[in-house]
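Trainee: Okay, here's what each chain looks like letter by letter:
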Amino acid sequence: MNIHINGNAYALPHENHISVSSALTLHFVEAQQSTFAVALNGNFVGKDDYDSTIVNNGDSLDVLLPIQGG
Amino acid sequence: MAINIYGQQLDSRLLIGSALYPSPQVMKEAILASGSQVVTLSLKRQNPSEKSGQQIWHYLQEIVQQVDGHLLPNTAGCKTAKEAVTLAKMSREIFQTDWLKLEVIGDDYNLQPDPIELLSAAEQLIDDGFKVLPYCTDDLVICQRLYDLGCEVIMPWASPIGTGKGLMNPYNLETIRLRLPDATLILDAGIGKPSDACLAMEMGYDGILLNSAVALADNPVLMAKAFSQALTAGEQGYIAGIMEQRQTAHPSTPTLDTPFWLQQTS
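Respectively, the protein sequence lines represent chains R and D.
This note's numbering applies: residue 1 is where the first sequence begins, and numbers increase by one.
This note's numbering applies: residue 1 is where the second sequence begins, and numbers increase by one.
Check before you lean on any hint, since a few could be wrong.
[Stated by the list, open to error] For lysine-lysine, the following DSS-like pairs were computed, each having C-alpha atoms within a straight-line distance of at most 25 Å:
1) D:LYS193 / D:LYS165
2) D:LYS79 / D:LYS89
3) R:LYS47 / D:LYS82
4) D:LYS28 / D:LYS193
5) D:LYS44 / R:LYS47
6) D:LYS44 / D:LYS79
7) R:LYS47 / D:LYS131
8) D:LYS89 / R:LYS47
None of these hints come from the bench; they were simulated from the model.
Produce the complete structure using the sequences and hints provided.
Mentor: Listed below in structure tokens is the structure:
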């Protein structure tokens, strides 16, 4: 399967689907030390739902962090 | 006097952004110098190997704690109600606040808010428990609709974001104040000079939200102080009651017993 995280492509040839939690390990080295929030295909996924929410082939994750703003 | 933001009484009427400063230290000093108790920030995609986002986040937390203030996440970059609603939920989870500066942009050239998408997003977010502070144009009817939806705070623009052009349409802004006397009105975007802020406060606006005017000044800390004083001057001028303009000149000095009045010349 192929997924995108923040626009970057990830190929997972041995998987049909994975959880959001597993997908985040592709993105973060130390996820637990970061402050972030997640959307899957443009829909918010709360932290309590990372394990139970499935990422399928072609899905897109956004992982957002705080930044300065006006 | 305090400003009322969804029942929270804050001493400072200045809301300030956290972007564009020459350094995090200058940002901190400027925000503290402004006296503001509300600091805006945002969410963006970032490479997790970059620590800058986390550092800024911790820095802003320290500042807000120091001034006993509030974070105000925005939805900058959103162009649809769906995007704004999703980003709002993500912000609420991270920042643990239901306050939201709602931005839904309809035009890339002047970053003008999209009124249709803005109303749709505001309605969904209010239903979901958010306390929405919508950034909108100076269109009276849009402001009225937002207020009717439950937005207790309305934030019309002075002029497009980052232009520093000041109050483009003073008549529109005065009319919004007149027609929405119970709304908390905060002028947002386009402020360039302290006198712009003072003018809005003299109209009876409740507060000012700005960023570029301070962050891009040669001396952001001094400019932050200048804006703080300008807001105070404008607010006090409004409360004191500004005299009505007159079409003709009236002497300030009493004319009774004017020297040489009707004196015959030889």
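Trainee: Please verify whether LYS193 (chain D) and LYS165 (chain D) have alpha carbons no more than 25 Å apart.
Mentor: The given pair, whose Cα atoms are some 9 Å apart, holds under the 25 Å limit.
Trainee: Straight-line Cα separation of LYS47 (chain R) and LYS131 (chain D) no greater than 25 Å?
Mentor: 22 Å, holds
Trainee: Quick one, are LYS79 (chain D) and LYS89 (chain D) close enough, alpha carbons at most 25 Å?
Mentor: 16 Å, holds
Trainee: Below or equal to 25 Å on CA atoms is what counts here, so check LYS89 (chain D) against LYS47 (chain R).
Mentor: Since the Cα atoms of LYS89 (chain D) and LYS47 (chain R) sit roughly 12 Å apart, the hinted pair holds (cutoff 25 Å).
Trainee: Could you grab the alpha-carbon distance between LYS28 (chain D) and LYS193 (chain D) and see if it respects the 25 Å cut-off?
Mentor: Given that 25 Å is the threshold and the Cα spacing comes to 21 Å, the pair holds.
Trainee: Given the hinted pair LYS44 (chain D) and LYS47 (chain R), is their alpha-carbon gap at most 25 Å?
Mentor: Status holds; Cα separation ~18 Å.
Trainee: Would you mind confirming whether the straight-line C-alpha gap from LYS44 (chain D) to LYS79 (chain D) stays at or under 25 Å?
Mentor: With a Cα-Cα distance of about 15 Å, the restraint between LYS44 (chain D) and LYS79 (chain D) holds, given a limit of 25 Å.
Trainee: Checking one constraint from the list: CA of LYS47 (chain R) to CA of LYS82 (chain D), max 25 Å. Satisfied?
Mentor: 20 Å, holds
In summary, this structure violates none of the numbered hints.
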